[in-house]
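Q: What follows is the residue order along each chain.
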Amino acid sequence: MSDFQGMEDLLQDFLVEATDLLSDVDNKLVDLEKSPGDKGLLNDIFRGFHTIKGGAGFLNATELVTLCHLTENLFDRLRNGEIAITADVMDSIMDATGTVRDMFGSLEQGMQPGPASPQLLDNLRAAIAGQVSAAPPAVAAAPAPAAVAPAPATAGGPDWDALHGAVASEAMTITAAPTTPEVMHTDVEGKSPEQIIQQAIGRRATDKPGAPSSGGRREVEKGGGGASRSGGGDNSIRVDTTRLDQVLNLSGEIGLTKNRLNSLRSDILNGRNDSDTLHALDQAVSQLDLLVSDLQNAVMKTRMQPIGRLFQKYPRIARDLARNLGKDVELVLVGEETEIDKTMIEDLSDPIIHLIRNAVDHGIEPTADRIAAGKSPKSEVRLEARQEGDHILLLISDDGRGMNPEKLRAKAVEKGLITDEEANVMDERQSYNLVFLPGFSTKDAITDVSGRGVGMDVVKTNIQKLNGSIETKSALGKGTTFIISLPLTLAILPVLLVQLDQQPFAVPLSMVREILPIDVAEVQEVGGRATMVVRGEVMPIYPLNYMLGWASERTPGYGVLMQTAEHTFILAIDGFMGREDAVIKSLEDFRPKGVAGVTTLSNGQIVLILDIKELLSALGDGRGVPRSIFQAAIGAAA
Amino acid sequence: MPADPSKIKFLVVDDFSTMRRIVRNLLKELGFTNVDEAEDGVVALAKLQGGGFDFVVSDWNMPNMDGLTLLQTVRSDPTLKNLPFLMITAEAKKENIIAAAQAGASGYIVKPFTAATLNEKMVKIFEKVGL
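Just so you know, the protein sequences line up as chains A and B, in that order. Quick note: the first sequence uses numbering that gives the first Met the number 0, first residue 0, plus one each step. Quick note: the second sequence uses numbering that gives the first Met the number 0, first residue 0, plus one each step.
Calculated from the structure, these hints are not laboratory results. Fair warning: there could be bad hints in the mix.
Quick list of in silico lysine-lysine cross-link-like pairs, DSBU-like style, CA-CA up to 35 Å [unchecked claim]:
no., chain 1, residue 1, chain 2, residue 2
1, B, Lys92, A, Lys38
2, B, Lys27, A, Lys300
3, B, Lys46, B, Lys123
4, A, Lys27, B, Lys6
5, B, Lys80, A, Lys300
6, A, Lys312, A, Lys612
7, B, Lys27, A, Lys341
8, A, Lys414, A, Lys592
9, A, Lys38, B, Lys80
Work out the full structure, taking the sequences as your base and the hints as a guide.
A: Here you go:
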C-alpha cells in the first residue's frame, strides 16, 4: 500500500459500495433460508464475500480479509454441494455478516477492525471442515491454517511441481518458480496452498497485508484520514453517469444561450431595437427559461436514489426479530425502484426500522393465536413504496391482530394523555393516531427498540421534519397499515400562495386539503370557538391575520382546509394566488416565529413561507380561537 | 516500457467500482492515463469489439461474464486475439493459474498488489508483445 494515494477517498468508496454489497448478501441469506439448495444464491453470496475481500486487501484490513476469506470458502463448499446448510452453519454465516458489518463500522471511524471473535472463526472453520474430515487424511490432519484455504479438489491429483512447470512454460509472467523442496518444506509448516502460490507468482513479502513496513505506514495515514473524515460522515452520493452527463449537457447549452444573450445585449445597447433583435431576445430568454428548469430537474435527479437501497437491510432485521420472538414473518418489499431524495433516505431509516419492529413485535400475534384465529401461521409484513403525484407513499402493513380503537382510547385516558370528553368524540382515525402521542407506547421503549429511545412519537416527529405525514389504518383481526406520505424532495416545496390584504404568504401545499369560500353566516360557535361545518364535520376556524397578530378589518373570503398530523382546521384568508414550487431559502440568523423560510416569486417579490405548526402551537395547540377575537375579524362585516 | 505510456489505451474490467478505481490509480501512478472501464465481461467485450484498446486488465470473478470467459472470447476473436490480457484475482489457487494460462492470459496478478508489482508484470508483458 506504500505508494497508494487518496486512501481516505478509497476507504469511503469502498465502504459505500461494500455496504450495499453486504446488504444484498444479507437479503440473499434470508432467501437462502427458504431455498437452501439454490445454486444461484450461493454463487452470488460467494461472490459478495469474495469482492469485499478483494477490496479489503487493498485497505490492509487483514482481519476483514481473513473473515471474508473463511466465509467465502464456506460458500465455495456449499455451492459445490460438498457440505449442506444446517441451522448451525446458517447461524455462523449470519454471525459472520454481522461481524463484517461491525468491521465496516470500525473502518468508517478510520480504524482498522480488530479480529473477529475466535469462536466465530472456529465455527466457520468447523463448518468448512465438515467436509475436510472426509478428505484425504493428509489434508484433514493439517493444522488450522490449512483448513482455511479449501483443499483443492485435485489434492491427490497431478504433481504440483509438474503443474507449476507447465504454468511457467505457458509463458506466464511468473518471476520466481520455487523448487520442489521449498514447497514441501513450507507445506509441512502449515502454510496453505494459496500462500505457496502467492510466493510462486512473485508477490513480495512487503505486499502482504499486515507486513510491518506497510503496517506502520497505515498508522500514520489513519491519523490523518480520521481527522479529515470526522466532520464529513457519509456525504458522498452515487450518481448514474447518464444523469451527470445530462447536467453537463444542459450547463453547456446554458453557456451557449448566455453567449447569445451577451451579444444581443451589446446590440441593444448600441441602439438596435428592431423587431428582429427583440424577437431574437425573446427567443433566447425563452430558451434559457426552458434550459434552467431542465437543469433544475436534472440536478434534482442526481439526488434521487432508489429506495431499494434503504429497503435492503430490513428483511434481515425483520427475520432476526421474528426469530427472537418465535414468529414466522416474511417481509415483502414492493416498489424498491421508487426514487427519493437521498437526504430523506437517511432520515427515514430509523423510523421505518421502528415501524417494522412494531409490526413484527406488536402487530403480528403469536403463532398459536394466529392458528386459533384461523389464520396462516406464517405472517406477512409488507413494506411498499410508490409515487403518487408529487408525493412518495411508504406503506408498512402487517396481517396481524389490528388495533382496537376503543382500547386505544381507554389506554390514552388511563395514561392521562387525553380526557374522557376528548375520548368520547374521537372517531376511528383519530383513535389510531393516538399511538403517536408521546408517552403512549411506553411498552415499545422497553421491549423492542433496545435502547434506541425511539417511540412512535419520535417516528412521527421525524417524518414531519421531512415535511411528511403519517397515518394509521387498521382493521381488527386483519392487520394494521402505517402510511407515510413524503414530498419528492426537500429542496423544492410545493406551496399555496394565500393573501392577506395584498400581502402574499406561502403555506405548504402538503397540508392543504381543499379551498372553500367562507360565508360568515355559516360560522358557528361550538364549545366557545368559532367553527364551520364542512360535510358534516365541525372544523375550527383560525383567521391567518389573528395567527400572525395582524389587525384586519376585512372579512376573510376564503378558507383553506388544512390538515396536520394532530389538527384539521380552516385557515381563514382574504384570497389566494395559486400554487407554486417554492425554492426554500432559509433565513440564516434571523428566524421570526412561525416563518419556515422565504422564497422569491417570478416578479421578484419575496414571500414568507409559514410554519403552520409553529403558528398553531403559539395559539395553544388546537384550543381554538376565542370567539370574541374571531368576531373582530369576521364580525365587522356581519 | 513504451515510450509514451499515455498512448496506450487500457480497459479495466471489474464489477466492483472501488476496485476499478484502485487499478486505475495504480496505472496512473505508472503513467498510464488512458483508461476506460467496464463492469463485467459482457460490457468489456462490447467495448473491446468497438476497437481502440491496447491492453486489458480484468478481474476474474464477475457476474454476467467472468474474466476467464472474457479472456477465452478475446482469444478466439481474430481481431482481438493478440491483445495483452492481465488477469486479476483474489484467488491464487493453482487450478486458477493453469486455467488462466491455458486460456491465454498474458499475466496473472493476485490482490492486493502495489503499483510496483503491477509494473513488474506489465514490463514483462510489454517485452513479450514488443509494445
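Q: Now tell me, hint by hint, if it's right for this structure.
A: Now the hints, each set against the structure:
The hinted pair formed by lysine 92 of chain B and lysine 38 of chain A meets the criterion: a straight-line CA distance of about 22 Å does not exceed 35 Å. With a CA separation close to 32 Å, the supplied pair lysine 27 of chain B and lysine 300 of chain A stays within the 35 Å bound. Annotation: proposed proximity of lysine 46 of chain B to lysine 123 of chain B holds, straight-line Cα distance about 25 Å (limit 35 Å). Taking the CA atoms of lysine 27 of chain A and lysine 6 of chain B, the gap is about 43 Å. The hint is violated against a cut of 35 Å.
Proximity of lysine 80 of chain B to lysine 300 of chain A is assessed by CA-CA distance (about 42 Å); at most 35 Å being required, the pair is judged violated. A hinted pair counts as satisfied when its Cα atoms are at most 35 Å apart, and lysine 312 of chain A with lysine 612 of chain A qualifies at roughly 33 Å. Distance hint between lysine 27 of chain B and lysine 341 of chain A is fulfilled; the C-alpha atoms sit about 32 Å from each other, no more than 35 Å. Restraint check for lysine 414 of chain A and lysine 592 of chain A: the C-alpha separation of about 32 Å stays at or below 35 Å, so the hint holds.
For the hint linking lysine 38 of chain A to lysine 80 of chain B, the alpha-carbon distance of about 33 Å falls within 35 Å, and the restraint holds.
Violation of the numbered hints given earlier is confined to hints 4 and 5; the remaining hints are satisfied by the structure.
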